[in-house]
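Build the complex from these two chains, which are given one at a time in their own frames, with help from the hints.
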Amino acid sequence: MAEVLERQNTYLAAFERLERELAAAGTPALHRLRKAAAARFAELGFPGPRDEEWRFTPLAPLARIPFEPAPHDRVGDSCSFRIPSVPKGVIVCRLSEAMHKHAALIEPHLARYADWKKHPFVALNTAFMCEGVFVYVPRGTVLEAPLFLDFHAGRDDDGRVWYHRSLVLLGENSQVTLVENYSGPMACTYFSNAVTEIVVGPGAMVDHYKLQREGDRAFHLAVMQVQIGRAANFSSHAVTQGGQWVRNEINAVFEDEGGECILNGLYQASGEQLVDNHTLIDHAHPHCASHELYKGILDGKAHGVFNGKIYVRQDAQKTDAKQTNQTLLLSDDATINTKPQLEIYADDVKCTHGATVGQLDAEAMFYLRSRGVGLAEARNLLIYAFANDILRRIQVASVREELERSLLQAHHLPAIDAGEEDV
Amino acid sequence: MLEINNLHARVEDKEILRGINLTVKAGEVHAIMGENGSGKSTLAGVLAGRDAYEVTEGEVRFDGKNLLELDPEERAREGIFLAFQYPVEIPGVSNTYFLKAAVNAIRKHRGLPEYDAREFLKLVKEKMKLIHMNEDLLKRPVNEGFSGGEKKRNEIFQMAVLDPRLAILDETDSGLDIDALKAVADGVNALRSPDRAIIVITHYQRLLNYIVPDRVHVLMRGRIVKSGGKELALELEERGYKWLEDSVREPQSV
Ligand SMILES: Nc1ncnc2c1ncn2[C@@H]1O[C@H](COP(=O)(O)OP(=O)(O)OP(=O)(O)O)[C@@H](O)[C@H]1O
Ligand SMILES: [Mg+2]
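Chains A and B, in that order, give the protein sequences.
If you read the first sequence in numbering that gives the first Met the number 0, its first letter stands for residue 0, the second for the next number, and so on.
If you read the second sequence in numbering that gives the first Met the number 0, its first letter stands for residue 0, the second for the next number, and so on.
No wet-lab data here; the hints were simulated from the structure.
None of the values given here were measured: they were computed from a predicted structure.
Any given hint could be a false lead.
As the list claims (entries may be wrong) - Just some of the chain A residues that point at chain B, by a computed CB distance under 7 Å:
(1) Gly-373
(2) Asp-388
(3) Arg-392
To be verified - Among chain A residues calculated to face chain B with C-beta under 8 Å, some are:
(4) Glu-362
(5) Val-372
(6) Ala-375
(7) Glu-376
(8) Ile-415
Each residue gets a CB set at the ideal place from its N, CA and C atoms; glycine is no exception.
Isolated chain B (complex conformation) (with noise of 0.2 Å):
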């Protein structure tokens, strides 16, 4: 489904991935992981069509298509969706206004009819209960005054109504008590089929004992350093990252 080859890409002078190399299959959950600024943020963006960074090298297939070609928004509408790792804030429209939008952009692209209010409640209301949402949240503006954790919440809300074929979640469970965590948990089960696929990222091993992955990948400063199953979380809970740091040293220093 998903194909990155020797994918490089910056922000201004600075080289962030430095060829990354992933395949991820249909019905597939992958794990990356990795110290703080090692570009998992980035890779995640440059997958969904962040235009801070600039694609030097390499390139992305997407059910065989060349996903760097594509606007943010055809992405999305091609079944790709990103929960943010800081979800933004849109004081002025509500969750459901911004919601409804986003579901008919992609019903349109689908050469599907666009629903009315009544099958938009009621799409809405049965992921609400999936997702345990408070009610109370969608009738508020986008992410405005929500707390850490609610907005995680409302992330896997969007992806849940939004129906993606690729997930994306950065860092989705921090911050989350265990209630909330559970909740993202069910999401991103229910979500699991053999024609879908989840990258989820995150810096704890906890989120992985609910969405048990088939991979666990580590990232270390632009490169993937080492591919493993679910047991290389817990390995990594355990030692930390510094025992790999040999696999990427370079030849020359930097």
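With the rest of the complex left out, here is chain A (with noise of 0.2 Å):
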């Protein structure tokens, strides 16, 4: 407890002894959000041995270590993006330009949706929030390209603190496809902690995906926050392979009605490895529907919780909300806490969910061996198929590919021959 406590004040410490540095990056209205952010931390503290938001995810590992924000020269470094060609109308910059240049577009956005007065780390993360992307789509226009958004540790990065934050405008009927990467050097503790706020406005769409590779002592805690317009679409696919310590949580808000939303995951841990999964659905609005598929692999004695909220208000009538978690325990060790969590207030409603947890399938095993494929090699294949169950939805083909080649190598599999086959 003590030791939770003087973490906190590592945290504030920082804050006061960056604070000027900070007031430099934005507005001062954008500066007040930060100090009231700061403030709003020092009263919550880490969330508490009886938060149920964090009732499986030990939260010591963390407050164990007193990370400090890296050096503010150094800030720009840790992240990057790639786009082909950016089309008229359309910003794509980092977020410390963008909290200079266009201000007025970010200030009614930027830490209003991610609610740091009631979480923690998104408060920090708003207290510190500096650097990140910042991307407007105005009405009408579509991104063919998928835009690449690259936060990176670097090898000097050991006790560091990142605070990447992201803010994604999607104006009326625009499209954009986002692929949020994170990665980071092996033997190196450092912590990195995200917040992406994502507005979808009316009949916008967003292909989102984030792939998680941070390096093996990494700590990582990312929040995602989604406001969905009417008749808007948000589809995003999580794929977390990395870190020691990792906790997703992406919560997606009806605004209105008619709109769609599809959350995907996929999480492979082992070793000790912990990966928790915390999403929510708002269904705030009539006629929306939603689809929730997080498929995870644990061996070893990784830990995965999922936790799946789905709220329909009262008058979200014909709602069509589906939930489904499947994880695949590959030894004694390994364990899942899953847990499903629908509150409905509306009666007009179609709302199914499903958790299994299980060993790989006998019978498939069976026939595999019968048609003559070996022991591991019909094991690999099975772990291989489960986990493509979500890469193949995967709709930028060199994100599915990459994923898909690493997965089959991972488990000792030939590759699939080019133009041969599309599963």
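What follows is the structure in structure tokens.
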């Protein structure tokens, strides 16, 4: 307990030290927001052991380490973006740049959605927010090529915390494909605290991918907050592989009727990794559909947590919500805490959920072996198949193929022959 | 080729096979018939190496080798193929990817070089024609969403590609329309050769019009109670199984 308090103070002291430099980024209004968030963090503190939201996710490993923010002149190094060309009217730039150049555009949105008043780590991120990516796609504009956002820690980031903050604004009927990539070196203990806010305007479409391949000692806590407008469409695929301690949160809110939300995820963990996925879909309006499929593969002493909340508000009639969590436990010591949490206050709705936890299917194993495939290969093939069920849904070919290739390689399976098959 | 002597097998505490004796020579086609639950699939499963069953007595020799000692994949590599009564769906792996892994595992075992993409494709195309298999099914995940008939046809397609020495077909004819039945029969008949053997498990005489068996056996409560030529199938079709009851009556009722 004393340790936790002390750690809170480490973060607050860092804020005081860096305050002046932070204030230089953006308008006074933004800085007031930072200060309010820092003050809020001081009040909230780290989540306590009785906090239901953190019940299965031990915070002690994180609280034990006095992470310090990266030096201010380095803050820009950790993130970059790639896009072949930017259509007219579209803005893709660093958040720090946007804070100066596009203040009027970002101020009505930045930190308005991700709830720093309730969530201590969002509060921290908001207090330190300065660097990340800002994306603005005006109404009616379609970005054909995917936009890649890369967040990476370096060799000298041992003991450091990165606060990545991104804001994505989509005007009416616009479209974008976003690929967020998190990576870092092995044997380096850093903390990546990322908050992404996405506003999907009416009729707009976002195809979002998050690839988390942090180093093996990394702490990774990411919160994605999505506001889905009228008849808008948001689809997310989150692939989690790296890190020793990982918490992903996605909160999606339907802000009007007719929206669609897909949340798919694949998490692979072994050794002593902790991977926690918390999702919340808030059906606040009628006639919206959400589909969620999270699949996990846990080996060694890995610990998985899945919590899927679905709120269906009183007037959200004709809601169609489906949630599935499937976990493959490859060893006796791997564990999963999986919990669907449906709160339904409307009566004319279709909501289903299901969670399965199991080993590889014995009948499928026998089927493969009866065709001559050896025990180890059959096992690997079924693990691949289980994971590929998520990967094959990825629309960005380069991302999908790379993930498939590395999945096959990791399981000692031959490559798929080009052009011969689509599955 | 296959010699089964006094084979007993059980699941948990239930004895299902209770002394099977059967010899199948190279070049022969044997049909096994019998009521639901008589143990036909159990026998097929024991031969292919399904581990839900415990063999408590007896032995099985395949080309003189003790079959029961081998893992399922070793049996497959030695040339045993089981067409499943209920083929398994494997979402996430395409039919061709799976088959290529199987073919190459078997080729490796036989000391042959593994097929590359082009050689494999050639083999697949040739067998596809033989079985009238839709190319679309090849690209799809193994059996996922296949109709009942498509699954059965896929089993025969796999058999054709894997080129086994002993093929055991467990009710491959059930649920097939007449064209599919002919396609299956064509596939099986194409496999017929002096150094191969086939065991066909079926409830219907109909299939045996297309795949004419050398021997027909009736399995009842875990034993073969009658064997005969192809006329036996016709007789069963007419008379059912009741008349054979006497031959399995036990000295003491269980
Ligand atoms: N895994 C198992 N657990 C319990 N009982 C089993 C198992 N497998 C088979 N049995 C039982 O063994 C008996 C024989 O089953 P089997 O599947 O071999 O019959 P079959 O002759 O193939 O029947 P059908 O014509 O219906 O396919 C049945 O009574 C069945 O319920
Ligand atoms: Mg059967």
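The hints, checked one at a time:
Checking Gly-373 (chain A) against chain B by beta carbon gives a least distance of about 5 Å; that is within 7 Å, so the hint holds. Hint on Asp-388 (chain A) holds. Least Cβ distance to chain B is approximately 4 Å, under the 7 Å limit. Given hint, Arg-392 (chain A) at the interface with chain B, is violated; its Cβ is 11 Å from that chain's nearest Cβ, farther than 7 Å. Given the 8 Å rule on beta carbons, the hint for Glu-362 (chain A) holds: about 5 Å separates it from the nearest Cβ of chain B.
At a threshold of 8 Å, the smallest CB-CB gap from Val-372 (chain A) to chain B is about 5 Å, leaving the interface hint in force. Hint status for Ala-375 (chain A): violated, given a least beta-carbon distance of 10 Å to chain B, over 8 Å. The restraint placing Glu-376 (chain A) at the interface with chain B holds, with a minimum CB-CB distance near 7 Å, inside the 8 Å limit. Taking 8 Å as the C-beta contact cut-off toward chain B, the hint placing Ile-415 (chain A) at the interface holds, the least distance being around 6 Å.
Consistency with the previously given hints fails for numbers 3 and 6, ordered from lowest to highest.
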